[in-house]
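**Student:** Residue numbers (my numbering), protein chains in the order written: chain R, 17 to 214; chain B, 254 to 503.
Any given hint might turn out to be false.
Claimed, not checked - Where chain R lies over chain B, by a calculated footprint (3+ residues, C-beta under 8 Å): (1) 299-307; (2) 319-332; (3) 344-356; (4) 484-492.
Claimed, not checked - Label-pair restraints from in silico Cβ distances: (5) R/90 - B/331: 39 to 47 Å; (6) B/483 - R/92: 49 to 57 Å; (7) B/271 - R/192: 23 to 31 Å; (8) B/270 - R/86: 34 to 42 Å.
If you are wondering where the hints come from, they were derived from the structure by calculation, not from laboratory data.
Where is the CB? At the ideal position from N, CA and C, for every residue including glycine.
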Amino acid sequence: MLFPPALRQLMQQLERLPGVGARSAQRLALYLIRRPEEETRRLAESLILARERTRLCQRCFFLSEAELCELCSDPSRESEVICVVADPRDVVALERLEQYRGLYHVLHGLISPAEGVQPEDLRLRELVERVRAETPREVILATPANVEGDATALYIARLLKSMGVRVTRIAYGMPVGGELDYADAATLGYALSGRQEM
Amino acid sequence: MARETVVEGIVLRRWYAGEHDKWVRLFTPEYGAVRVRVRGARKPTSKMGMLTEPLNRLKARVIEGRAQKLLAQPQLVQSYTGVRADLERLTVALALCETLDRWLPEEHPEPEVYATLLEGLASLAQGATPETVAAETLWRWLAILGYAPELGQCARCGCASEAENRAFVIGDGFLLCAACAPSREGVPLSGASIAHLKETMRGEPGISIARPDEVRSLLRAALRYAERVLESPVRWLEFWERLNALRESG
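Next comes chain R alone, as it looks inside the complex (with noise of 0.2 Å):
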C-alpha cells in the first residue's frame, strides 16, 4: 500500500471497528486527515477522554461517570421496581418512552452458549444479591423476543422464584397502528399469548 505509515496504522485501527471495511476505513481515515486539525485533536480526546471516564454504575451496571449512574442517584425514580435490560442501549430506548419510573439493571449481554456465553459472564450473581438485598416490589425482564432473549428470561425467573419477588416480562407482538392482515405468524403468536384481561 503506498500510503504513509502513520495514515496505515490509522487505518487498520478504524478497520477493527464493528460494521466497518478496509474500504470504508479508508475513506475515513483520509476524510479525518482532511479536517482541519483543530477538529481532529477534539475528536481524539474526546475518544480519550470518554475511554478514560465512563465506567459501569455500582449498582445497575449502567454507563456511568460516578460511582452510581444518574437514574440510581435520583431520589424520584421507584427503586422498588427493577427492570432487568441486556444492553446500555436498552436502557436508553425505555428511557425515551417517559412512562418508566423504576430503576435498571444492565446484565451485559445474554445466555448463549453456542457463543460462549454462560450465565457466569453476565451481571447475574449481582442480581440475585441486589434482589436480597433491595427486596424490591417486581423484577420486569425486558430482553429480546428472540432465543437468547427467552432463555435469559426463564433462567432468571427461575433464579428470583424462591425470593418473592413478582417476576414479570414485557409483552411482545403487534406494533401500535399495526394490522392483523399484515403481521408475520411468529408475531402473531406472541401477541395472542401476550394478551390482556379487557
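Take the given structure of chain R and dock chain B to it, following the hints.
**Tutor:** Same frame as chain R, but now just chain B:
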C-alpha cells in the same frame, strides 16, 4: 439447487451480518443444511426478523445469487411456542439444533435426520420429558449417520452375555461386558437399557418407554458419544447439564 427454489426447513442457527442482515443455516429435507443470507431481517420493520429465528420451521424461497444464497418470502409453518416457554425444553431444542449445525456438511440431504428432528421438536412441544427426547433423538441420529455402536456382543471377549451392568465405552463407541469393562472409561448400561437402545436404533419406541434411570444412563452415554464424534462439547447441552445440577441442588 436451482436458481430459485421453494424449500421448507428448520432454522438451526442465525448470526448477524452488517447493520441490517443476518445469515441463517436452514436444514431442509431435500437439500440438507443450507447457508442463506436474509437481507434486511434486522430492520425493525422487517417481517423476516422473527420468522428466521432458530427453531422456527418455515417455508421460503432460496435464490441463488452470484456469491451467496438469499432467503426470501419466508412463511412460518411452525414456531414450537410450547418449547420456547420452558427453559429445559428450549435448551434441549437448541442443543439438538446446535448438534446438527455442527454435524451436517453443507447441502447434503439427510431426510431421515430431518424427520427425527421434527419428531423430537414435536414431542418436546407436546410435553415429553426433555431427557427422553434428547436421548432418543441423539441415538437415532448416531445410528442414521453411521455411528451406531455394536450392541450384540462384548467388543473385547466377544461374549454375547445379556448380563446386567455392561459398560458403553464412549471414546470407541462399543460395549464391554462386566468382566472386560473395569479398566476402561465407560457408562454402565443395564440389560434393559441396552434392549431399549437396540429398539431405538431400529426406529422403534425404545427409550420413550424406558424407566427414568435407564433414560438418564442412555442420555449420559449419548451425550458423551456425540461429543466425541463432534470432537468438542455441544455448548447448549453443557448449559442443560448445569441447569439439571442447579435443579438438583435446589
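**Student:** Now, for every hint given, state plainly whether the structure supports it.
**Tutor:** Each hint, compared with the structure:
{"no.": "1", "hint": "299-307", "verdict": "holds (count 6)"}
{"no.": "2", "hint": "319-332", "verdict": "holds (count 3)"}
{"no.": "3", "hint": "344-356", "verdict": "holds (count 3)"}
{"no.": "4", "hint": "484-492", "verdict": "holds (count 4)"}
{"no.": "5", "hint": "R/90 - B/331: 39 to 47 Å", "verdict": "holds, 46 Å"}
{"no.": "6", "hint": "B/483 - R/92: 49 to 57 Å", "verdict": "holds, 54 Å"}
{"no.": "7", "hint": "B/271 - R/192: 23 to 31 Å", "verdict": "holds, 28 Å"}
{"no.": "8", "hint": "B/270 - R/86: 34 to 42 Å", "verdict": "holds, 35 Å"}
Consistency with the previously given hints is maintained throughout, with no hint failing.
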